[in-house]
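K.L.:
Residue numbers (the working numbering), protein chains in the order written: chain A, -8 to 153; chain B, 2 to 177.
For the record, the hints were derived by calculation from the structure and aren't laboratory data.
Treat the hints with caution; some may be incorrect.
[As the list claims (entries may be wrong)] Here are the simulated SDA-like cross-link-like pairs (lysine to any residue), alpha carbons at most 25 Å apart as the crow flies:
no., chain 1, residue 1, chain 2, residue 2
1, A, Lys2, B, Lys164
2, B, Lys171, A, Asp18
3, B, Lys171, B, Glu152
4, A, Lys(-3), B, Phe65
5, A, Lys(-3), B, Asn165
6, B, Lys150, B, Glu91
7, B, Lys156, A, Gly5
8, B, Lys172, B, Phe65
9, B, Lys124, A, Arg17
10, A, Lys2, B, Lys8
11, B, Lys8, A, Leu3
12, B, Lys171, A, Leu3
13, A, Lys2, B, Glu91
14, B, Lys150, A, Asp143
15, B, Lys167, A, Leu3
16, B, Lys124, A, Gly5
17, B, Lys167, A, Gly5
18, B, Lys164, A, Asn(-4)
19, B, Lys8, A, Lys(-3)
20, B, Lys164, A, Arg7
21, A, Lys140, B, Gln159
22, B, Lys171, A, Asn(-2)
23, A, Lys99, B, Glu127
24, A, Lys(-3), B, Glu127
25, B, Lys110, A, Arg(-6)
26, A, Lys99, B, Leu157
27, A, Lys(-3), B, Ala154
28, B, Lys156, B, Ile126
29, B, Lys172, A, Asn(-2)
30, B, Lys176, A, Val16
31, B, Lys167, A, Arg7
32, B, Lys156, A, Asp18
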Amino acid sequence: MRRSNKNIIEKLQGLRRIQPDNGFVRDSRRLILASRNAPMPQPGIFVRAAQSLSFAFETALVAALFLVVILGGVFGLSKSLLLPPLQGIDEKALLTEADAINYDINLKLDEIAYFGNHKTSTDRVVALGSRGAYAGREELTLTESATDKEIDKLLNQVINEY
Amino acid sequence: MIIERAKGGEAEAFGLLYDHYLPPIYRFVLFRVSHREEAEDITHQTFLKAWEGIHQYEPQGYPFGSWLYRIARNAVVDAHRKSNPQVSIETVVAHLSLGETQSEHLDTKFEWEALLAAMRELKEIEQEILFLRFVEDLSHGEAAEIVGKTEGAVKLTQHRALKNLKAILKKNETKQ
Chain A
-8 MRRSNKNIIE KLQGLRRIQP DNGFVRDSRR LILASRNAPM PQPGIFVRAA QSLSFAFETA
52 LVAALFLVVI LGGVFGLSKS LLLPPLQGID EKALLTEADA INYDINLKLD EIAYFGNHKT
112 STDRVVALGS RGAYAGREEL TLTESATDKE IDKLLNQVIN EY
Chain B
2 MIIERAKGGE AEAFGLLYDH YLPPIYRFVL FRVSHREEAE DITHQTFLKA WEGIHQYEPQ
62 GYPFGSWLYR IARNAVVDAH RKSNPQVSIE TVVAHLSLGE TQSEHLDTKF EWEALLAAMR
122 ELKEIEQEIL FLRFVEDLSH GEAAEIVGKT EGAVKLTQHR ALKNLKAILK KNETKQ
C-alpha cells in the first residue's frame, strides 16, 4: 500500500483520540490542588512598587556616590581648567610686580647680611673686593674712601686750615 | 486572566489550566514512554511541578502549553535516565477506539501498530516533532520552543522525519 505524506499525517491525527483515564484525572487533580507546596502568592502591586522603588533608590544612591568619587578626582586634577579666570586682573602686571618685590627683598637681605658681617669700612672694602658681582660699586667705594686713615688725615688738614 | 490568577496562587484557576492541558500532555508523555502507569506518573509530576513553579512562569510569546510540554519533556528524560524504557505499542493502540466490527477492529489495529512501530524507528527528536506538529497541531515556532531548536531546524527535521517514516513503512510492508 503506497502511503503519501497526507495519508500519514491523517493517520497521526487519529492519535488525538487518546484520552487519560477518568479516575486518574480526578485523583491527580485533587492531589495537585491540595498539595501543601502551593505557590507563594504574588505580592500586591503596592508592595511590588515599593520594592521596585527601594531597589531604584539604592541603585541611584550607589551611582551618585560613585559619580562624586569619580568627578571629585577629575575636578581636582583639572581645577585650573574648570575655574574661569578672574575678571579685571592683569596677570603680566602681577608677575612683574611680584618679580620686583622679590628683587627688592633680595637686595635688602643682601644689605642686611653685608652690614651685619662687616662692621667697619675696611671690612666692607675687603669684602667688596672679594665679590666680583659688585665691581662697579667696589671702584666707587675705593675712590671715595681709600682708607679711613687717609680720610681722617685730609679732614684734619681741612679743619686745621680753617 | 486565568494564568495570572493561577500565578497568584488561586487553585481554582490552576484547576482550569489542568483540565485544558491534561489530555495533550498525557498523550505526549504516553507516546514517549508507551506505558500507561508511567505516563500517568510523569503527567502527574509535570502538573505538580508546574503548580509549584507557576509563580516563576513568564510568557515568552508562546502559549502556556509550551511551558508544560517542556516540563513534561524533561520529566520523561529524567524517568528514562532512572530506568530503561520498555516500549509497548499495544499500550498506545489500546487507548484508541478501533473499528466496531471484528474485521474493522483488526485492520485498524494492524495499521496503528505498523505506523507506531515505524515511528519507533525514527530518532527521538523526529518522533517528537511529528507528534507536536501533526498530532497536537502546534506551529513550527511552538514546536521549536518546546524542543529547544530553531524554526528552521524543526522544518528540516519534520521533512526528514516524514521521508524516513515513509521509507520505513515501505520496508516493513515488503518484509510482510
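K.L.:
Against this structure, judge whether each hint is valid.
P.N.:
Outcome of the hint check:
1. A/Lys2 - B/Lys164: holds (15 Å)
2. B/Lys171 - A/Asp18: violated (43 Å)
3. B/Lys171 - B/Glu152: violated (29 Å)
4. A/Lys(-3) - B/Phe65: Violated. A/Lys(-3) to B/Phe65 sits at ~29 Å, over the 25 Å cutoff.
5. A/Lys(-3) - B/Asn165: Answer holds: A/Lys(-3) to B/Asn165 is near 15 Å, not above 25 Å.
6. B/Lys150 - B/Glu91: violated (31 Å)
7. B/Lys156 - A/Gly5: The hint holds at about 22 Å.
8. B/Lys172 - B/Phe65: violated (40 Å)
9. B/Lys124 - A/Arg17: violated (34 Å)
10. A/Lys2 - B/Lys8: Violated, because 38 Å separates the two Cα atoms, which is more than 25 Å.
11. B/Lys8 - A/Leu3: violated (34 Å)
12. B/Lys171 - A/Leu3: holds (17 Å)
13. A/Lys2 - B/Glu91: Judged against 25 Å, a Cα distance of about 16 Å means the pair holds.
14. B/Lys150 - A/Asp143: violated (122 Å)
15. B/Lys167 - A/Leu3: holds (13 Å)
16. B/Lys124 - A/Gly5: Answer holds: B/Lys124 to A/Gly5 is near 21 Å, not above 25 Å.
17. B/Lys167 - A/Gly5: holds (17 Å)
18. B/Lys164 - A/Asn(-4): Roughly 8 Å separates the two Cα atoms, so the pair holds.
19. B/Lys8 - A/Lys(-3): violated (41 Å)
20. B/Lys164 - A/Arg7: holds (22 Å)
21. A/Lys140 - B/Gln159: violated (131 Å)
22. B/Lys171 - A/Asn(-2): The hint holds at about 13 Å.
23. A/Lys99 - B/Glu127: Since the Cα atoms of A/Lys99 and B/Glu127 sit roughly 105 Å apart, the hinted pair is violated (cutoff 25 Å).
24. A/Lys(-3) - B/Glu127: Roughly 17 Å separates the two Cα atoms, so the pair holds.
25. B/Lys110 - A/Arg(-6): holds (17 Å)
26. A/Lys99 - B/Leu157: violated (101 Å)
27. A/Lys(-3) - B/Ala154: Cα-Cα ~21 Å, so holds.
28. B/Lys156 - B/Ile126: holds (12 Å)
29. B/Lys172 - A/Asn(-2): holds (17 Å)
30. B/Lys176 - A/Val16: This hinted pair is violated, its Cα atoms lying about 41 Å apart.
31. B/Lys167 - A/Arg7: holds (21 Å)
32. B/Lys156 - A/Asp18: With a Cα-Cα distance of about 39 Å, the restraint between B/Lys156 and A/Asp18 is violated, given a limit of 25 Å.
Of the hints listed earlier, those the structure fails to meet are numbers 2, 3, 4, 6, 8, 9, 10, 11, 14, 19, 21, 23, 26, 30, 32, in rising order.
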